[in-house]
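Peer 1: Just so you know, the protein sequences line up as chains C and R, in that order.
Take the first sequence: its position 76, counted from the start at 1, is 76 in the working numbering, and no numbers get skipped.
Take the second sequence: its position 148, counted from the start at 1, is 148 in the working numbering, and no numbers get skipped.
Just to be clear, a hint being listed does not mean it is correct.
In this list, chains with the same sequence are indistinguishable; a pair is considered to hold if it fits within one copy or across any two.
[As the list claims (entries may be wrong)] Calculated pairs, EDC-like style, for lysine to aspartate or glutamate (alpha carbon to alpha carbon, straight line, at most 16 Å):
(1) Lys-98 / Glu-35
(2) Lys-123 / Asp-106
(3) Lys-108 / Glu-121
(4) Lys-98 / Glu-129
Just so you know, these hints were derived from the structure itself, not from any lab.
Since this is a predicted model, take the numbers as computed values, not measurements.
2 protein chains.
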Amino acid sequence: MDPTDYPHFMEMALREAQLAFEENEVPVGAVVVFENRVIGRGHNRTIALADATAHAEIIALSAAYGHFEDWRLEECYLFSTLEPCVMCSGAAVLSRIKTIVYGASDPKFGGCGSIFTIPTEIKLNHRCEIVRGVCEDEIAALMRLFFQQVRQNKTKVN
Amino acid sequence: MDPTDYPHFMEMALREAQLAFEENEVPVGAVVVFENRVIGRGHNRTIALADATAHAEIIALSAAYGHFEDWRLEECYLFSTLEPCVMCSGAAVLSRIKTIVYGASDPKFGGCGSIFTIPTEIKLNHRCEIVRGVCEDEIAALMRLFFQQVRQNKTKVN
Numbered sequence: 001m002d003p004t005d006y007p008h009f010m011e012m013a014l015r016e017a018q019l020a021f022e023e024n025e026v027p028v029g030a031v032v033v034f035e036n037r038v039i040g041r042g043h044n045r046t047i048a049l050a051d052a053t054a055h056a057e058i059i060a061l062s063a064a065y066g067h068f069e070d071w072r073l074e075e076c077y078l079f080s081t082l083e084p085c086v087m088c089s090g091a092a093v094l095s096r097i098k099t100i101v102y103g104a105s106d107p108k109f110g111g112c113g114s115i116f117t118i119p120t121e122i123k124l125n126h127r128c129e130i131v132r133g134v135c136e137d138e139i140a141a142l143m144r145l146f147f148q149q150v151r152q153n154k155t156k157v158n
Numbered sequence: 001m002d003p004t005d006y007p008h009f010m011e012m013a014l015r016e017a018q019l020a021f022e023e024n025e026v027p028v029g030a031v032v033v034f035e036n037r038v039i040g041r042g043h044n045r046t047i048a049l050a051d052a053t054a055h056a057e058i059i060a061l062s063a064a065y066g067h068f069e070d071w072r073l074e075e076c077y078l079f080s081t082l083e084p085c086v087m088c089s090g091a092a093v094l095s096r097i098k099t100i101v102y103g104a105s106d107p108k109f110g111g112c113g114s115i116f117t118i119p120t121e122i123k124l125n126h127r128c129e130i131v132r133g134v135c136e137d138e139i140a141a142l143m144r145l146f147f148q149q150v151r152q153n154k155t156k157v158n
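Just need the whole structure built from these sequences, with the hints factored in.
Peer 2: What follows is the structure, encoded as structure tokens:
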């Protein structure tokens, strides 16, 4: 994929994040792309599903497995608005994702550089390329808006 | 939980691993225990479900969320026959698991000491205690038997 196409797909992930926002979930969205086509999408649904693993990336990967009827997503790109957490970074490696593209960093949970750097770890049997900072400002603005509302409403989100 | 109870629950996880073995999946089993009662169980189903995230631990956690209708498993123990991988270790932390108890170490994917040590990482917002080596010999024997059969059949499992 040409890097000039990254913002286009990140905008699609951002639309998913906006759906999460509307559902009062932490606004994170993700898409899986194969041959420049979206084959999986998802947004964070941890509260709605009462499931700590229902992150945007896991839901998008799940749809992509369904597309291929295979757990190997070898030539696929995972776009996520937020840096994938440790769990999602591990899931991307297990799924043989080619490249992880994300927007904003997550200093609290990030598994792609912030706390651990899982996808490029040489000891694992597969490695994913990491691309950072795509559409970062727009994504960071949405996250800020969400957490401002949470503070105003005193809603506990995690 | 009294540590003398660990082998009892690990035997239940091992029975799940044997189910995976019979289904030609890498034989890993897991149970989630709350107040000395199993509230979730699972075995590895990555091939059957064509889903790289369908690890024993994730399936057992999923059942436990259903039990409480909540993603917080704060007083729960996660027993797994094999050291949880990076993804599953991350999922345990996200789920606020109290203690991870495992049998055999996994030098290829392990996230509880072998490659990363995720559950005790001070920068994460929750930490799980880790207990290692429960029923290790019995579990290691089952794993060896499985991989011997794989080599004989030349089946590709991952």
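Peer 1: Evaluate each hint against the coordinates.
Peer 2: Against the structure, the hints:
Taking the closest pair of Cα atoms, Lys-98 and Glu-35 come within 16 Å of each other only inside a single copy of the chain (12 Å); across copies the shortest separation is 42 Å, beyond that limit. Taking CA atoms no more than 16 Å apart as the test, Lys-123 paired with Asp-106 passes between copies only; the shortest distance there is 12 Å, against 24 Å inside one copy. Taking the shortest Cα distances, Lys-108 and Glu-121 sit within 16 Å of each other only across copies (11 Å), while inside one copy they are farther apart (20 Å). Within a single copy, Lys-98 and Glu-129 get their C-alpha atoms as close as 6 Å, which meets the 16 Å cut-off; across copies the closest is 33 Å, which misses it.
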